[in-house]
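Visitor: Residues per chain, in single letters:
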Amino acid sequence: MSGDHAELPAAVRVRQLEDRVIAAGLTTDAELDQILAGVYWTGSPANGARMVARAWTDAGYAERLLADGNAAAAEFGFGASSRGGSGYRLKAVQNTGRRHNLIVCTLCSCYPTSLLGPSPSWYKSFAYRSRAVREPRDVLAEFGLQLPAETEIVVWDSSAETRYLVVPARPANCAGLGEDALASLVTRDGMIGTAAL
Amino acid sequence: MARYAIGTRVRALSFDPDGHTRLPRYVRGHRGEIVDGHGSWPLPDQALRGVARTEPVYAVRFAARDLWGAGSHSVVVDLWESYLEEAE
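Line order of the protein sequences matches chains A and B. According to our numbering, the first sequence is numbered sequentially starting from 1. According to our numbering, the second sequence is numbered sequentially starting from 1.
Among the clues, some could well be false.
Said to hold, decoys possible - Okay, the calculated bits of chain B under chain A, using three or more residues with CB under 8 Å as the criterion:
1. 10-16
2. 24-37
3. 65-76
By construction, these hints were calculated from the structure, which means they are not laboratory data. In this text, a Cβ means the ideal position worked out from N, Cα and C, and glycines have one as well.
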C-alpha cells in the first residue's frame, strides 16, 4: 500500500483486521503479500482481450468460450481464481447487434480479476451496483454508450460463484487485422459491458 | 443433482434471515426462469457458520418490469437451489 493512504480510516481498519487474523494464526503477512502479488502480477485486462480477439478470429474458439469459459481461459494458461486459490466458474456472454450484456455484482464486487485485472473503483460504488440492475440504459448513457431502443439489455448480477466476461461485438473496419492487433482494440470496460468498441 | 432444468419457471423465496445470505433482497418473492446451471457450490448461508453444504446454483432471469414495475431489460441473478421454489 502507498504511504499516502496509510492513515485513511479504511486502511487502518484493514491493518487491524490483518493483525487479528495473523495473530489468530489464520495467515501470515508473507502469505497475504504473496496472494496480492499473484493477483496483480498475473491479472490483467490483456488476458481477457486475448480471449476476445481469438473468439473474433476463430469460430471454433468462440464456440468453446461460450460453452465453457474456464476451459477456454485454460487454453491460454489463464486460471479462474482470484481469491487465493478458490476457483470460480467463468461464463462468457456475447454482445450482438440485438443484445447487449452488462456485468455487475450488487452484493459486493465480484469480478474476474485474473482476466480483467483489478476492478475499477466505480464498479464497487453503491451507485453503479444499485443502478445497473434497475436502469442500465441510463447508466450506459452516462458512460457514453447510447444503445438503440430495440437493443435488448441483459444485466448479469454475479451473486454467486460465477464470474462473467462480456465478449464485445467486433468493431467494423478491422477486417485485415491479426489477432494481436485486434486484442489491442479490446478494452476493460468493453468486457464489463459499459462500453462498445 | 440439479432439481431444475433450463426453462423452468421458479420463484425466489422471500425469507429474510438474521445471518448472511446471497439471495439479493430485490429478487425476493419474484418469479423468474432458469437460464443456466452453474454446477454445485458451497451454500454461503451455511458455510459462514462452519457447515459444509453444497447445492446447485442457477442463473435465473427476471424481467425488469416484474422487479421494478418498469424497464424492458432483464436481470440474471445467480441463486442457490434452496433460495428457489417451482412456480406454477
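Visitor: Determine for every hint whether it applies to the structure shown.
Guide: Against the structure, the hints come out as follows:
{"no.": "1", "hint": "10-16", "verdict": "violated (count 0)"}
{"no.": "2", "hint": "24-37", "verdict": "holds (count 3)"}
{"no.": "3", "hint": "65-76", "verdict": "holds (count 8)"}
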